Structures are given as C-alpha cells and as structure tokens.
Amino acid sequence: MLVLRCLVFAAAGAGLSATGVSGGSPAQDAGLWDRVLPVLPEEEEELSRPHRLLPWRDSDRESPHSHLDTRLRDSSGSVTPVHLAQSSFQVEAFGSVFTLDLELNHNLLSLDYVERHFDRSGNPSESLGGEHCYYHGKLRGVPGSWAALSTCHGLCGMFSDGLHSYAIEPIFNGTNQADGTHKIRKMPDVRLPASCSGCEQDGENDTGDNDSSENLDPQRRPKHTEGLKRSKRALSRPRVQTETKYIELMVINDFEMFVLLRRSTAQTRNFAKAVVNMADAIYKEQLNTRIVLVAMETWTSGNPITVESDPLITLQNFMKYRTENVKEQSDVVHLFSGSTYQSSRSGTAYSGGVCSLARGGGINEYGNVGPMAITLCQSLGQNIGMKWNNIRNSAGDCKCPDTWLGCIMEDTGYYLPRKFSRCSVDEYTQFLLQGGGSCLFNKPNKLLDPPECGNGFVETGEECDCGSQVECARSGGACCKKCTLTHDAMCSNGLCCRECRYEQRGVVCREPVNDCDIAETCTGDSSQCPHNVHKLDGYMCDNSQGRCYNGRCRTLDGQCRRLWGFNAADRFCYEKLNSEGTEKGNCGRNPGGQGWMQCNKPDVLCGFLFCSNMTAKPKFGDLQGEVTSLTIYHQNKYLDCRGGHAVLEDGSDLGYVEDGTPCGPNMMCLERRCLPMSSFNLSTCPGSSYGRTCFDHGTCSNEVKCICDSDYTGKDCSVYDPIPDPTNPPGPDKKGPSGTNIIIGSIAGAILLAAIVLGGTGWGFKNIRRGRSGGG
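Take the sequence shown: its letters are residues -18 to -1, 1 to 758, numbered as in mature numbering (1 follows the signal peptide of the UniProt record, and there is no 0).
Some hints could be false.
Stated by the list, open to error - Simulated restraints on C-beta separations:
#, residue 1, residue 2, range
1, 466, 305, 44 to 52 angstroms
2, 44, 106, 21 to 29 angstroms
3, 286, 93, 24 to 32 angstroms
4, 608, 672, 46 to 54 angstroms
I should point out that these hints are in silico values taken from the structure, not numbers from a laboratory.
The structure displayed is predicted, hence computed values, not measured ones.
All C-beta atoms, glycine included, are put in the ideal place defined by N, C-alpha and C.
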C-alpha cells in the first residue's frame, strides 16, 4: 500500500487491504485515503518527481537534485542515521511549483525517548532514540502555508498553500524500488472566520470554583505562532494561554497494528512517529502546544490486554495496563490499534484525563497517516478538556463554519479537517484556567538531536540559544550572538530573563489560576520559571467551603454551576433521596449493572448530585434518562431537588459528586463514600507539625515540597532570608569638588540659611533615599 511504503521498504509484491494483509499488485492496492476519503475526480490526483534543492557554495542559487535522501554521510561517504537539520524540496503539481523549506521537528522526541518491543517469548527489548526524519516547514514565500513531512523513504506527508492541502507519497514498483515518482492528492483547505458565534457567551465560563476564568476577549485569546514559542512575555501577569505547553506522549502499538504494518517493528515505529509529527504541527500552530514523544512500545508477540470491540472496555483495560506495567513517565499514553471498534468514531479518550495516571489515555483506530493524525488530535483534545462540537451544538453553542470540511472536534466533513473551532480552543483555555493540565507547563528534557546552534535549546558548548534568526530577532537576539552570551548578559530568554539579566528572586513568573494553584516565582539564579505545581490535596479553598483535589477546588455548588448552571440543592435532598437507592437518588449501580445502590447515611453527600433550578440539558455530556425533578416540603419551606445522568464519551457519569468534595468536618468524598482525610494517606511536608505547615511560612505542594513565602527559604521554610531591595546600577565615577562648585555651594548655602532665619514658609523639604523606589 502506497501510504505504508512511504515509511519503509515494503515486502516484494505484497499489498494491504483495508482490513489486513493480502496479496495483490500495486495497481490493485487500494490506499487508505480511499478508505477514509471520497474518491476524487481524476484531475485532483497527479504524479510528480520532486527534487531536493542544493545550495551553491558561493552564491544564493540552488540546484535541483533527484536524490531526495536527507541522511548525512560520514567522512568515508557512508550513510548515517542522522538527517539534515534543514532541507528544501521542489514539487511540481497542478500547474504550480511548490518550494518546501523544511526543518527537523526538534520537539518530536525527548532526550530519553525509548523504544520497546517484545520477542516471541515475551521478553522486552529496548533501545534509546530512533531515526528522526520528521520535518515541519512551510512553502517559500506563501504566508499561512504549512508542511509536515517525513523523508525516511521519499517525501511522505502533507503540505498546504492556505487554499488547498496536498497529500504526497512515493510510488514503489513491483521490486519495491522507488524511481522518484510521487503521487499527490489535492484537497480543499479549511478557512475559519475570526470568531465563532456563541462561544464568547458560553456559560462554561462560569466555573463556580473561584477560578480565574473570566470571559476571554480577543486580546486575551491564545496566540498561535509558528515554531516553538520563545518570545519574552510580560512578567507582570503572564497568562496560561501564551506560555508554550508540552504534552508528553507515550504511544503503544497493539499486535493488530504490528500485523497490519507487515510485522515490521521499524515500519510500525516510523508510521506512529509520522502520525505524531503531523498532529504536533496542528497543535503547535493553533494551540501553542507541543506533542513530545517520550516512549513507544510495540506489542510484537500478542496483546497483553483483551482488546474488545467496545472501545470503552478496551480503554479501561488499556489504562489498567498502563498503571500496572508502564514505567515511563508521561502526561498521556495512547494506544494505536489495528482493530476495528463498534463506534461511529475512530478513537476515544478520557475527558480531561491529562496528567492523571488512571485517566490520562486514549485509543486510536488505524488509518492512513493523515486521518489517524486527526484522530489523535481528537482524542488528545478530549484529554485536555475539549468536547465534541455536536454535543455543544445541541446546547445551542457554536457550529463549525465549514460544513464540507468540518472541524477537528466534529463528526461531519468529507475531507481531513485541520482546524479546531473557536469553541474547542476556548474549552482548552478554560480547562487550563480551572487548574486542569498542570503538567503541561513543565518543559520536557532537551530533544533528541545532536547539539546545534539555532534550535532554541541550550546544549553542550552553548551559553544560550535564542532559536532561528527570525526568533532571535523577535526576542533574545540582543543578549545572545552565535549561541554565546553578549557582554554582561546573564541570559537571553525565559520567563525569568529581563533585559539580559536574571529576574530578582521572588518575582512572580507564573500566576496561580485558582485557589488550589501556587504562584511560581523566579529563583534569582536562573532564566527559567520553576515547573508548575499546585497545592497538596486537602487544602481549604473557596472561602473554606471546598477542598483542593488534583489541583481544583471541589464544592457541591461549584460542580452544580459547571454542569447545570445553578447552585447545589439543600442537604435534605441528599439525605432523603440518596438513601432510597432509586434512579432518582443513589450511590451508583449495583454490581452487575442491575438496580441502584442505596447510600449509607454517612455517604449521602457523595452520591447522586442534586442541584437547584437546573437547565434542561447539561453543559457537558449526554443526558441519559430523564432529569430528576422533585419538590420536597421540609421545615416550613419547599426544596427544589434536581439531578441527572450526564454521561461523557468515555462512559464517565458527571451526575455524581466528584471525588475530593467535602462531606463533613475533615471528611472528603472518594468513590461515593465519605471518608476521613486520614484515609487519603496524604503526605506531609517538612516543618509540618502541631497544626502548622512548612512552619507557617510556605505552602505544601503536590510534590510534597514546601514552596516558601518570599522572605523565607529552606526545605521547611524555617530560614528567614528577606529579599534585598533592588539596587540601582552604578553611576558615573564621582569627581572631587572644583573651585567653581565650592563657590556655587557657598552661595546656595547662604541663601538657604537666610531663608531659614527669615522663616521662609515657601520652602518644603523632601526626604529622598537613594536606591529605593519610594520614599516617605
């Protein structure tokens, strides 16, 4: 199959059908574009022979060369697995000549990226690194263009001129030799308006959790820039939208995926990396978020889990495997599966599950590189708080403006969508502002590439690296020349770098986003803002009405406002209805799924969620069954008791009280039970005893480390170390008094003395203390 051969060499004469391995000639081999996309007219597909452009040594001219390989050669002329950092190609198709300027995607693989597969006995085999031939770029001289291609074996991927998208892949003959001919398919591109009607007024902005979730005007929206964002930000109030986020992703390829890719470990890995490379290009451009591969595992000797036709069951089995068997640290783990699921969509994931060990994952059904990259964008979108647009549409929110192409988080569209709707971007922003995705602000280890000046990462032999010439001109170029700090410069970029100097200790570089977050401050000896942390579970929040849990403030009122728009119902609703064990009030289904469990009396506040004056439909999820709506007369007043089952795509029911919600003095909900906080096995920070935390001079973080107040330091914040007042830079050298100055001084002194003697009330005195910003 053509799409597979663009990744590695294929077996002679072999072809792939849409469902498995089969024999057949290349002419009979149906590519997966036809499986996902409609058959296009003849004029929308062309053959072309691309050329690599080689620069002349002493001029700006370039020569076309038919040899497309980007691998470097050593001194003996042998090919190495290292690819050129930059390369340009020329493609003629559809009456146009496209010049593609490409640069290795330095953000694709982390430094400690590991690949693992299993032998026939099930023994693991691991290797660090892997061939990196995955590029991002644009069309020369075409604003708004983009490209995401691999060059391992010819050109394979997609590029766009802003009006159309083009899929390109090499053609192999019957002996699996490529003669340089490529097939190019042309598809219309999506163009979105500047705003999306109805999004800005969306009620989801009312979080009810004391979160910094104000409505976002256009000036406050995320800025989508090309390349890794390294521009200096204002340190007064940096916002989560403008800081680059990083999704550290681990991919696991199941056995069916391995079989579909001709039982080739190399082919399976290259295919998966090509998918992630394209998804990263989309997230980089639109969400200021990078997708970084930290590990890949391929099940080459069978699946260690049961892969069911029901994607939700498979997802549950997969996440259990992750928690018990995967040792690598990552923000999310996704399964690339060769199985076909009984679902209208080609992937599913836990909503808002990023950063969670038990819920940070998803599954993605096999398809071509392009369609599967969109599936990955969708499932990762669910992980970072996005909802399906059609669910929002049912609540009267925004619709994708292009019904033909569709948007990424939407079911419609006949071509590959490549844009997130404005509502999806807003949902991601709100997820971050509400404390979700705290791990995304932690920059991963340097990427897996040889040291190279200009890639934006400070490596061995470099003092600084502000990026490409364009990026350095935008920020940091005055402090960093040829990866060397300029005279007297301490730094060139970073949230704690200002005018080439480190920011003073204590300057806030990342504001807290809610009651349960902790402000990060500069250390005074680094240009980088410390990695993002939040308060340890159990802290009081929302004016002592709630408890912090996983970085968010949990209250009954807050959950009701987010889901239904109004506050929680009276406590008596919970006591009466949840103790009955009916569909209208319960603590979940009985084992086996038949009937409902009664809540024990102490657990009634941890069962079914009851709110007042609810909307007809939940803001999130699909309403299953009818809304419970009862009016109860109690203590001379009528109580409004309402609730409903709001079920997400991953099967989660938001109609129950969240874990971590207070249910009594020093009590919190966990799995629909009200438990003392001591049952949560919450750790304690150093300096915490006799009711004090960090000696009352700091906050205990989720890493069980004290984050000290500004004037304290030490592991337990017991050391008083006040921040010194800022000092002015040294002025010019002082010179001795001259004769003229002595005369002028004498005259001025005489005048002043006369004024004092005469009681001159027109004179005023002001005490000015040098080196202080204010005086008094």
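Hints that the structure is at odds with (numbers, increasing): Number 2 - this is the single hint that the structure violates.
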